[in-house]
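Protein chains: 2
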Amino acid sequence: MQERAEATRRFLVEAAAQLFEERGYAGTSISDISARSGRTSGAIYFHFTNKEKLALAVVEATLATWPALIARVRASQAPALEKLVSLSFTVARAFRDDVVVRAGSRLWMERKAIAAPVPGPFTAWIETVTQLLRDAEAEDELAAGVVPETAALAVVYAFFGLHTVSDALDGRARIEERLRELWEVLLMALRAAPDTPALLARAGAPAPAAGTPA
Amino acid sequence: MQERAEATRRFLVEAAAQLFEERGYAGTSISDISARSGRTSGAIYFHFTNKEKLALAVVEATLATWPALIARVRASQAPALEKLVSLSFTVARAFRDDVVVRAGSRLWMERKAIAAPVPGPFTAWIETVTQLLRDAEAEDELAAGVVPETAALAVVYAFFGLHTVSDALDGRARIEERLRELWEVLLMALRAAPDTPALLARAGAPAPAAGTPA
Numbered sequence: 146m147q148e149r150a151e152a153t154r155r156f157l158v159e160a161a162a163q164l165f166e167e168r169g170y171a172g173t174s175i176s177d178i179s180a181r182s183g184r185t186s187g188a189i190y191f192h193f194t195n196k197e198k199l200a201l202a203v204v205e206a207t208l209a210t211w212p213a214l215i216a217r218v219r220a221s222q223a224p225a226l227e228k229l230v231s232l233s234f235t236v237a238r239a240f241r242d243d244v245v246v247r248a249g250s251r252l253w254m255e256r257k258a259i260a261a262p263v264p265g266p267f268t269a270w271i272e273t274v275t276q277l278l279r280d281a282e283a284e285d286e287l288a289a290g291v292v293p294e295t296a297a298l299a300v301v302y303a304f305f306g307l308h309t310v311s312d313a314l315d316g317r318a319r320i321e322e323r324l325r326e327l328w329e330v331l332l333m334a335l336r337a338a339p340d341t342p343a344l345l346a347r348a349g350a351p352a353p354a355a356g357t358p359a
Numbered sequence: 146m147q148e149r150a151e152a153t154r155r156f157l158v159e160a161a162a163q164l165f166e167e168r169g170y171a172g173t174s175i176s177d178i179s180a181r182s183g184r185t186s187g188a189i190y191f192h193f194t195n196k197e198k199l200a201l202a203v204v205e206a207t208l209a210t211w212p213a214l215i216a217r218v219r220a221s222q223a224p225a226l227e228k229l230v231s232l233s234f235t236v237a238r239a240f241r242d243d244v245v246v247r248a249g250s251r252l253w254m255e256r257k258a259i260a261a262p263v264p265g266p267f268t269a270w271i272e273t274v275t276q277l278l279r280d281a282e283a284e285d286e287l288a289a290g291v292v293p294e295t296a297a298l299a300v301v302y303a304f305f306g307l308h309t310v311s312d313a314l315d316g317r318a319r320i321e322e323r324l325r326e327l328w329e330v331l332l333m334a335l336r337a338a339p340d341t342p343a344l345l346a347r348a349g350a351p352a353p354a355a356g357t358p359a
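Those protein sequences? They're chains E and X, same order as listed. Take the first sequence: its position 177, counting from 1, is numbered 322 in my numbering, and each next residue is one higher. Take the second sequence: its position 22, counting from 1, is numbered 167 in my numbering, and each next residue is one higher.
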């Protein structure tokens, strides 16, 4: 029974995520979610008490997406900077393709309209990136003068700004190409060695757009 | 009479901005704005037709803040990279201190809840930064391999991400210190010459926080 309740919760979180992603928090009602999911409003209230709790469950499902991705990348044998770049592409694809992540991102943007505090992703990402940059430092891969803690902030700012700007300019259609271009600039600051195109290729970045200088 | 109508519009835009900044678009009504401004709802509707038009007027007032700041910075005799850094601090202070800019920024975040299209700032900022980096290139101040168009995107992503993250972590209290640290990283990628602390001081950045590596 416990397992079945978990499956129902997950099913409702995904149905709610579709609507929150399309219409936002204020534009979505429990009866919309009932219509989309084919469950009664009573069943939804049984699992989530109210719309706010359901929105928080979507945000928590988004935050819960990352630890497994991070663990998988960290377990690989690649150098730390390559792990960092590879992780960034995996996360960017999730923001583009995973409806729960997209909904969590929109709800976080609209967090001031939600009565309960909405947990944000930044502190955890800053820690993850700092740790990968410390590993890169230990591998002698960082340029002289790069401080992992400070550089991690710059990487996190640029990554989240990329999402905001890409969403506004083209609905994230060109997110992978833009992320590649961003790394070409950031790696000029971060890396001791200059073979950025080779690192980007190994980390799963798309090839440069035709006509773009490498 | 024309001048007086303009003054009244500006007064109402500022009163509305205070409320949009505190409560967001959905949380603010014309009668709230009437109470805050001491004008009747009828007078507000005479100038703006509806809440949506008033919100768009706040966003337009925000966007109208930048051209004069940009022109002033561009008219100075400083090298182009110093102009860019200086402009970024001026804009960051406006985001922290100017209620119209803060409200415009919040309304833009909430744009999907507003029926009319809300104009965004990114295309204009990308053009401004690209032009300053082209000037820096002409002054031989860019590192080999830096492409102004691509680097401008990285700068704009990082700058807007800085605002999002700073707002989430500490309500923008440490925005100037964080912006200084961001430039320390970005300038390692962009600059041909390595005297970043001197450039930052000339551009009006705050001194490094005590205990922070320069």
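Hints in this document: simulated from the structure, not taken from any laboratory. Any given hint might turn out to be false.
As the list claims (entries may be wrong) - Just some of the chain E residues that point at chain X, by a computed CB distance under 7 Å:
1) Ser182
2) Ala225
3) Ile259
4) Pro262
5) Gly265
6) Leu327
7) Ala334
Backbone N, C-alpha and C fix where the C-beta goes; we use that ideal spot for every residue, glycine too.
Do the numbers back the hint for E:Ile259, that is, is its least Cβ distance to chain X under 7 Å?
Violated: closest Cβ of chain X sits about 10 Å from E:Ile259, beyond 7 Å.
Hint status (Cβ of E:Ala334 to nearest Cβ of chain X, threshold 7 Å):
holds (4 Å)
Per the CB criterion, is E:Gly265 less than 7 Å away from chain X?
holds (5 Å)
Against chain X, is E:Ser182 within 7 Å by beta-carbon distance?
Violated - the Cβ of E:Ser182 stays beyond 7 Å from chain X, reaching only about 22 Å at its closest.
Verify the interface restraint on E:Ala225: the C-beta must sit less than 7 Å from at least one C-beta of chain X.
Status violated, d = 17 Å.
Double-check E:Leu327 for me: the hint is only fine if its C-beta lies closer than 7 Å to a C-beta in chain X.
holds (5 Å)
Would the hint on E:Pro262 stand, with a C-beta cut-off of 7 Å toward chain X?
violated (11 Å)
Of the numbered hints stated above, those contradicted by the structure are hints 1, 2, 3 and 4, listed in ascending order.
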